[in-house]
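Enquirer: Protein chains in written order, with my numbering: chain A, 1 to 353; chain B, 1 to 323; chain C, 1 to 281.
Just so you know, these hints were derived from the structure itself, not from any lab.
Don't take every hint at face value.
[Said to hold, decoys possible] Computed cross-link-like contacts, DSSO-like style, restricted to lysine-lysine with a CA-CA straight-line distance of at most 30 Å:
{"hint": "1", "chain 1": "B", "residue 1": "Lys228", "chain 2": "A", "residue 2": "Lys179"}
{"hint": "2", "chain 1": "C", "residue 1": "Lys191", "chain 2": "B", "residue 2": "Lys111"}
{"hint": "3", "chain 1": "C", "residue 1": "Lys54", "chain 2": "A", "residue 2": "Lys226"}
{"hint": "4", "chain 1": "A", "residue 1": "Lys146", "chain 2": "A", "residue 2": "Lys292"}
{"hint": "5", "chain 1": "A", "residue 1": "Lys132", "chain 2": "A", "residue 2": "Lys91"}
{"hint": "6", "chain 1": "A", "residue 1": "Lys179", "chain 2": "A", "residue 2": "Lys233"}
{"hint": "7", "chain 1": "A", "residue 1": "Lys292", "chain 2": "C", "residue 2": "Lys54"}
{"hint": "8", "chain 1": "A", "residue 1": "Lys129", "chain 2": "B", "residue 2": "Lys284"}
{"hint": "9", "chain 1": "A", "residue 1": "Lys132", "chain 2": "B", "residue 2": "Lys284"}
{"hint": "10", "chain 1": "A", "residue 1": "Lys136", "chain 2": "A", "residue 2": "Lys292"}
{"hint": "11", "chain 1": "A", "residue 1": "Lys146", "chain 2": "B", "residue 2": "Lys284"}
Below, each chain spelled out in residue letters.
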Amino acid sequence: MRKTVLTCGVILAVGASIATAQKITACGATFPEAVYQKWFSLYHTAHPGVEINYTANGSGGGVKGVTDGTVDFGASDSPMSDTELSAAKGKILHFPTVLGGVVLTYNIPGVSQDLKFSGDTISGIYLGKITKWNDKALVADNPGVKLPAEDIVPVHRTDSSGTTFIFTDYLSKVSPEWKSKVGAAKAVSWPASPLGGAQSSGVTGLLKQTPYSIGYIELLWALQNKLSYGLVKNSSGTFVKASMESVSEAAAGVTMPDDFRVSISNASGKNAYPISSFTWMLIPAQIPDAGKAKAVKDFLAWMLGEGQKVAPTLFFAPLPKAVVAKEEKQLALLGGAGHASAAKPEASEKGQK
Amino acid sequence: MASQAVAPAVVRTRSSGTGDSVARFVALFFATLLVAIAVLLVDQLFVRSAPARESLGWGFLRGTAWNPVTDQFGALPFIYGTVVTSLIGMLISVPMGLGAAIFLSELAPAKISNALTFVIELLAAIPSVIYGLLAIFTLVPLMRTYIEPFLKHSIGQVPYIGDLFSGPAYGVGYLTAGMVLAIMTIPFVISVSRESLMAVPREQREAALALGATRWETTWQIVVPYAKLGILGSVFLGLARALGETMAVTMVIGNAPAVHTSLLAPGYTIAAVIANEFAEAGGKIHPAALIELGLILFFLTIVINGMARLMIVATTSKGSKRA
Amino acid sequence: MNLRTWRLLVNATMLTLTGVCTVITVSVLFVILGLLLYHGASSLSIHFFTQLPKPTGETGGGMANAIVGSAQIVGIAALIGIPIGFIAGIYLSEYEDKRFASFVRYVADLLNGVPSIIIGILAWALVVLPFHHFSGIAGSVALSVMLIPIVTRQTEQFLREVPLALREGALALGASKWKMIATVAVPAGSKGILTGMILGVARIAGESAPLLFTALGNQYWGGLTEPTSSLPVMIYQRATSPYEDWNQQAWAAGLVLIAMVLTANILARMVLAKGVSLPRG
Numbered sequence: 001m002r003k004t005v006l007t008c009g010v011i012l013a014v015g016a017s018i019a020t021a022q023k024i025t026a027c028g029a030t031f032p033e034a035v036y037q038k039w040f041s042l043y044h045t046a047h048p049g050v051e052i053n054y055t056a057n058g059s060g061g062g063v064k065g066v067t068d069g070t071v072d073f074g075a076s077d078s079p080m081s082d083t084e085l086s087a088a089k090g091k092i093l094h095f096p097t098v099l100g101g102v103v104l105t106y107n108i109p110g111v112s113q114d115l116k117f118s119g120d121t122i123s124g125i126y127l128g129k130i131t132k133w134n135d136k137a138l139v140a141d142n143p144g145v146k147l148p149a150e151d152i153v154p155v156h157r158t159d160s161s162g163t164t165f166i167f168t169d170y171l172s173k174v175s176p177e178w179k180s181k182v183g184a185a186k187a188v189s190w191p192a193s194p195l196g197g198a199q200s201s202g203v204t205g206l207l208k209q210t211p212y213s214i215g216y217i218e219l220l221w222a223l224q225n226k227l228s229y230g231l232v233k234n235s236s237g238t239f240v241k242a243s244m245e246s247v248s249e250a251a252a253g254v255t256m257p258d259d260f261r262v263s264i265s266n267a268s269g270k271n272a273y274p275i276s277s278f279t280w281m282l283i284p285a286q287i288p289d290a291g292k293a294k295a296v297k298d299f300l301a302w303m304l305g306e307g308q309k310v311a312p313t314l315f316f317a318p319l320p321k322a323v324v325a326k327e328e329k330q331l332a333l334l335g336g337a338g339h340a341s342a343a344k345p346e347a348s349e350k351g352q353k
Numbered sequence: 001m002a003s004q005a006v007a008p009a010v011v012r013t014r015s016s017g018t019g020d021s022v023a024r025f026v027a028l029f030f031a032t033l034l035v036a037i038a039v040l041l042v043d044q045l046f047v048r049s050a051p052a053r054e055s056l057g058w059g060f061l062r063g064t065a066w067n068p069v070t071d072q073f074g075a076l077p078f079i080y081g082t083v084v085t086s087l088i089g090m091l092i093s094v095p096m097g098l099g100a101a102i103f104l105s106e107l108a109p110a111k112i113s114n115a116l117t118f119v120i121e122l123l124a125a126i127p128s129v130i131y132g133l134l135a136i137f138t139l140v141p142l143m144r145t146y147i148e149p150f151l152k153h154s155i156g157q158v159p160y161i162g163d164l165f166s167g168p169a170y171g172v173g174y175l176t177a178g179m180v181l182a183i184m185t186i187p188f189v190i191s192v193s194r195e196s197l198m199a200v201p202r203e204q205r206e207a208a209l210a211l212g213a214t215r216w217e218t219t220w221q222i223v224v225p226y227a228k229l230g231i232l233g234s235v236f237l238g239l240a241r242a243l244g245e246t247m248a249v250t251m252v253i254g255n256a257p258a259v260h261t262s263l264l265a266p267g268y269t270i271a272a273v274i275a276n277e278f279a280e281a282g283g284k285i286h287p288a289a290l291i292e293l294g295l296i297l298f299f300l301t302i303v304i305n306g307m308a309r310l311m312i313v314a315t316t317s318k319g320s321k322r323a
Numbered sequence: 001m002n003l004r005t006w007r008l009l010v011n012a013t014m015l016t017l018t019g020v021c022t023v024i025t026v027s028v029l030f031v032i033l034g035l036l037l038y039h040g041a042s043s044l045s046i047h048f049f050t051q052l053p054k055p056t057g058e059t060g061g062g063m064a065n066a067i068v069g070s071a072q073i074v075g076i077a078a079l080i081g082i083p084i085g086f087i088a089g090i091y092l093s094e095y096e097d098k099r100f101a102s103f104v105r106y107v108a109d110l111l112n113g114v115p116s117i118i119i120g121i122l123a124w125a126l127v128v129l130p131f132h133h134f135s136g137i138a139g140s141v142a143l144s145v146m147l148i149p150i151v152t153r154q155t156e157q158f159l160r161e162v163p164l165a166l167r168e169g170a171l172a173l174g175a176s177k178w179k180m181i182a183t184v185a186v187p188a189g190s191k192g193i194l195t196g197m198i199l200g201v202a203r204i205a206g207e208s209a210p211l212l213f214t215a216l217g218n219q220y221w222g223g224l225t226e227p228t229s230s231l232p233v234m235i236y237q238r239a240t241s242p243y244e245d246w247n248q249q250a251w252a253a254g255l256v257l258i259a260m261v262l263t264a265n266i267l268a269r270m271v272l273a274k275g276v277s278l279p280r281g
């Protein structure tokens, strides 16, 4: 027992000496996890006094965390709904951070080519109507590829996920049957997906290990794990592969509303990638701790500048210039305790409804 | 103290002075604290699950939907998965464990028996997450590549029973989780069964052997029945462990909230869904539904543990030297 | 064949089978250790013990924060749980309040059997919810609740084994009851009691489930009032991630964890096997 007490004392002493840093907690989306972790790491190196501890537990976790106040800010690839916003104690501001694409990744032994998918085939697979890889519809879209006569294993996200939202939002737009049967949300009841993984890492892991599986994950996850991903037919009829260019094009045609909540899936544009999305940091307008508030504000300013240059190295498309400018204006609204400008919806001219 | 020759300088009268009253109070206080913690646990489980219990009612136990978006929650897939994986685990670990316990108590010389038991009990000390780690990278590929296809093509072809071994071979699922649970529960079965067997009076064996029975006949027909209460207790102990096992199962169950007949299919258990979803469950009903699942699991393990305890206590009070 | 031969055959077969069962079970431990050594040893380096984790997708980095975090969380849990368990154990053994004592004993056994994730829910409700954030102390509370019944029962068991003669000797020499407990009974049972504490701490050190939503995790050093990383949770996260080098780190961490847990267990049991000590032991 003496040993335990002694060790405890040492640990506590070490811990206390580290405690002088500004520690900020955040949690949420796994979609942009790699770029956020990179940002926080770079920012910490540049500003050693600020530690941003990010737990990627899914967009649902990010929304919950910022609503309950268990973290300083959240992150989500699905903008908060009106109901979610009203459940929060104070006003929450959406700050888009990067643009990314959700890709259809598959693990088919023997098939290394890029497959082509359309809204019909994807919704067919996830509705359970297309069950084998050599289904007529898939073969028709992929002449010249030898597709095996094996069962398709669709994988889904088990946790509350913005990636799921982006994916189901797209499916709802291209398939009326999907819209009525399943709908778009961070977590849905999957009619035909037996395997589920927690967070993007879980899904990616399952895809890597399970032959003949297909899943929906953010582009970088597929790239970093050397998984094949397919082209998707967009609303103009072109089969597009997800890339920074095709994702940026999806954002180009859409006007950004004042509250920054927008969906860019199934966008028009010749080479727009149809399953693209912004992803947001959910920042409380009033962060009670003045030190933290300043640190968060400074980080966001850095994110809109330096951070945007880092994004392409991880295959995320940077924000359009117009959006950045708009966000910088919103940044001015961020206040710590005592800032009257960041009051709840009724007082603000911008209004969230 | 017996070797101390010097008596205390002052001989005090043996009245319960303030020292004793204080000591008694302190001891009682901490013992009550223990009870208070348990009471608090039950209380919190009830209170925090109230939103779910009120809005979902008894249908919760029968429901099969699990949809956080529409606030539809049903416990059946999780109860089913918990029970099925635990049963598979026990079906494997009980025969094996009893066999090993018999060997260790009847056949092995004392030194070897003690040494081997020591090693086996170390298995019980291995953290669950390490079993999970091993299962993901070693057992799951093995299941997916060899064992499950084999089962599919052998037993899977038999009518009726074959349904238990149908469907794609994912590698994860009820069967894999059951096998991991088997490895995790076997030390408990062996440890307690061995003690129960060893507690059987020597005269019983000697009488049977004197009458001409073989070692096996003596063991199986005399010793084991004599110790059956303790053995049954060990089974329940293992079962209670299996029901509540979280990490290892979460890593290999496949996370599918549905009831599947095939053992090769992915499923879900109560502990696994809480582990996966609790940290980010939002809204009023979702966390409460998860806690309600926890309440069900709590009662399940309490009952089974209670029964195990009764059986084991009964055996050790029957004819052994252990207090 | 006649009945006798048949019986002898059955005898030989069944007894061999029991031996086979034993061999299989015992070899499982060695297979586990072997696999952990094989996969984990190659990733163990000084970096593993001294560096913080790198961002997602980057290779390198270590688990220094998880090791320290585990030490912190388990240390505090021990500070809370051991005293409570110890004194409660003394109560059960020394004060025969008949019904209340058996009730406490019953409750301790029940608490022992509660799945660790349910204990996590309790700690979440008591510590995370009111303070609105995950913290190392919440993890410690969860682990201490698991530790208390273990220490209680072990303390009681080993105190009971102290010979009555020893106690009566002390009382006959004029010691008051509490003095007898403190200076005679407890030291006599100290070996077993200490063993129980070590085993209990080793058990909670390997727990991951109750920390999932209490201490959560952290890329940096955590603390009492912040989310803190821990070795078991890290293993879980790294093992279930798709990145190969993270999987390698999971193996290495698994090796470290099992080395710690098994060493504690082996040491404790060896100490115990030498028998209950008399004072001055």
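Enquirer: Are the Cα atoms of Lys132/A and Lys91/A separated by 30 Å or less?
Expert: 48 Å, violated
Enquirer: Do the alpha carbons of Lys129/A and Lys284/B lie within 30 Å of each other, as the hint requires?
Expert: Violated, at about 35 Å.
Enquirer: Take the C-alpha atoms of Lys132/A and Lys284/B, compute the straight-line distance between them, and say whether it is at most 30 Å.
Expert: Given pair Lys132/A, Lys284/B is violated - Cα atoms ~40 Å apart, limit 30 Å.
Enquirer: Is it true that the CA of Lys146/A sits at most 30 Å from the CA of Lys284/B?
Expert: Roughly 49 Å between the alpha carbons, so the hint for Lys146/A and Lys284/B is violated.
Enquirer: Check the hint pairing Lys179/A with Lys233/A against an upper bound of 30 Å on the C-alpha distance.
Expert: Holds: Lys179/A and Lys233/A sit about 19 Å apart, inside 30 Å.
Enquirer: Taking 30 Å as the top limit, are the C-alpha atoms of Lys146/A and Lys292/A close enough?
Expert: 56 Å, violated
Enquirer: Decide if the proposed pair is consistent with the structure: Lys136/A and Lys292/A, CA atoms, cutoff 30 Å inclusive.
Expert: 57 Å, violated
Enquirer: Does Lys54/C sit within 30 Å of Lys292/A, going by the straight-line distance between their CA atoms?
Expert: Satisfied, since the Cα-Cα distance of roughly 23 Å is no more than 30 Å.
Enquirer: For Lys191/C and Lys111/B, compute the direct alpha-carbon distance and say whether it is at most 30 Å.
Expert: 22 Å, holds
Enquirer: Holds or violated: are the alpha carbons of Lys54/C and Lys226/A at most 30 Å from each other?
Expert: Holds, because 20 Å separates the two Cα atoms, which is no more than 30 Å.
Enquirer: Below or equal to 30 Å on CA atoms is what counts here, so check Lys228/B against Lys179/A.
Expert: Answer violated: Lys228/B to Lys179/A is near 59 Å, above 30 Å.
Violated hints, in rising order: 1, 4, 5, 8, 9, 10, 11; the structure is consistent with all others.
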